[in-house]
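*Asks:* Using the sequences plus the hints, can you model the full thing?
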Amino acid sequence: MHTEQIRKIPVCNILGVHVAAINMDMLMQFTREHAEELSGEYICVSNVHTTVTAYDDPLYLTVQNSAVLAIPDGGPLSALGRKRGFPGMKRTTGPAYMENVLAESVRHGWTHYFYGSSKATTDKMVEEVRRRYPGIEIRGVLNPPFRELTVEEDQQAIQQINEAAPDFIWVGLGAPKQEKWMYAHKGKVHGLMIGVGAAFDYLAGNIRRAPEWMQKANLEWLYRLFQDPRRLFWRYLYTNTRFLWKAVICGK
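According to the numbering used here, the sequence shown holds residues 644 to 895 in order.
For the record, the hints were derived by calculation from the structure and aren't laboratory data. Take these hints with a grain of salt, some might be off.
Stated by the list, open to error - In silico DMTMM-like links for lysine to aspartate or glutamate, alpha-carbon gap of 25 Å or less:
1) Lys823 x Glu791
2) Lys651 x Glu791
3) Lys831 x Asp668
4) Lys762 x Asp797
5) Lys767 x Glu795
6) Lys762 x Asp844
7) Lys829 x Asp797
8) Lys726 x Glu684
9) Lys831 x Glu791
10) Lys733 x Asp844
11) Lys820 x Glu855
12) Lys859 x Asp871
*Replies:* Have a look at this one:
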């Protein structure tokens, strides 16, 4: 990807993360224009959790800022961006971006590969994707074990993906694991990697998305908290409080 084209996309520095000051229309136009050139690159889907994690971890900050784009998945990021002088910046969630790309794929001839989650989840997801988007070309699915891969296993995964030669590689490993995986495989795999977190579970029907009014009110995090309080309560308490203090009050 040419750096001159990247520079045309404005970014808002939030806790050191270069969050793209975009909206879904801008993101889709960028995708249509540069899909072929983006092979080997990756897109981070950034929210309060990943941004605070990057602020606390310099290595993860490098991972975030090495992406071709870090899109504002979290409503607080886009709201803060608008306050900082980017009026066109709006929330662009990973699941919504994935569905927009899938919806245009047959027309553009885009092909797809899914990496992550369990076989049970991806089986249901692929069935739903084929139902919603007839004629879509899925080049492959790979469910890695829930542990660190050996060098041999990783090389085999790279080979399988590259033999499939997809345009898009959707990575559903959860943050920060998926971003670290994409960073480690930048330039090694053929296709644009996008870390979409829970998007696989949404499409598979494992997790329900928040009602639209909650999404528009930046309350989807609260809806997810109700669904999984044991796992998310302490994470949200720490990251949301830290984001409010560091980014909103201190202006970092």
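*Asks:* For every hint, state whether the structure bears it out.
*Replies:* Checked hints:
| no. | hint | in the structure |
| --- | --- | --- |
| 1 | Lys823 x Glu791 | 12 Å, holds |
| 2 | Lys651 x Glu791 | 37 Å, violated |
| 3 | Lys831 x Asp668 | 29 Å, violated |
| 4 | Lys762 x Asp797 | 18 Å, holds |
| 5 | Lys767 x Glu795 | 29 Å, violated |
| 6 | Lys762 x Asp844 | 12 Å, holds |
| 7 | Lys829 x Asp797 | 13 Å, holds |
| 8 | Lys726 x Glu684 | 30 Å, violated |
| 9 | Lys831 x Glu791 | 18 Å, holds |
| 10 | Lys733 x Asp844 | 24 Å, holds |
| 11 | Lys820 x Glu855 | 28 Å, violated |
| 12 | Lys859 x Asp871 | 21 Å, holds |
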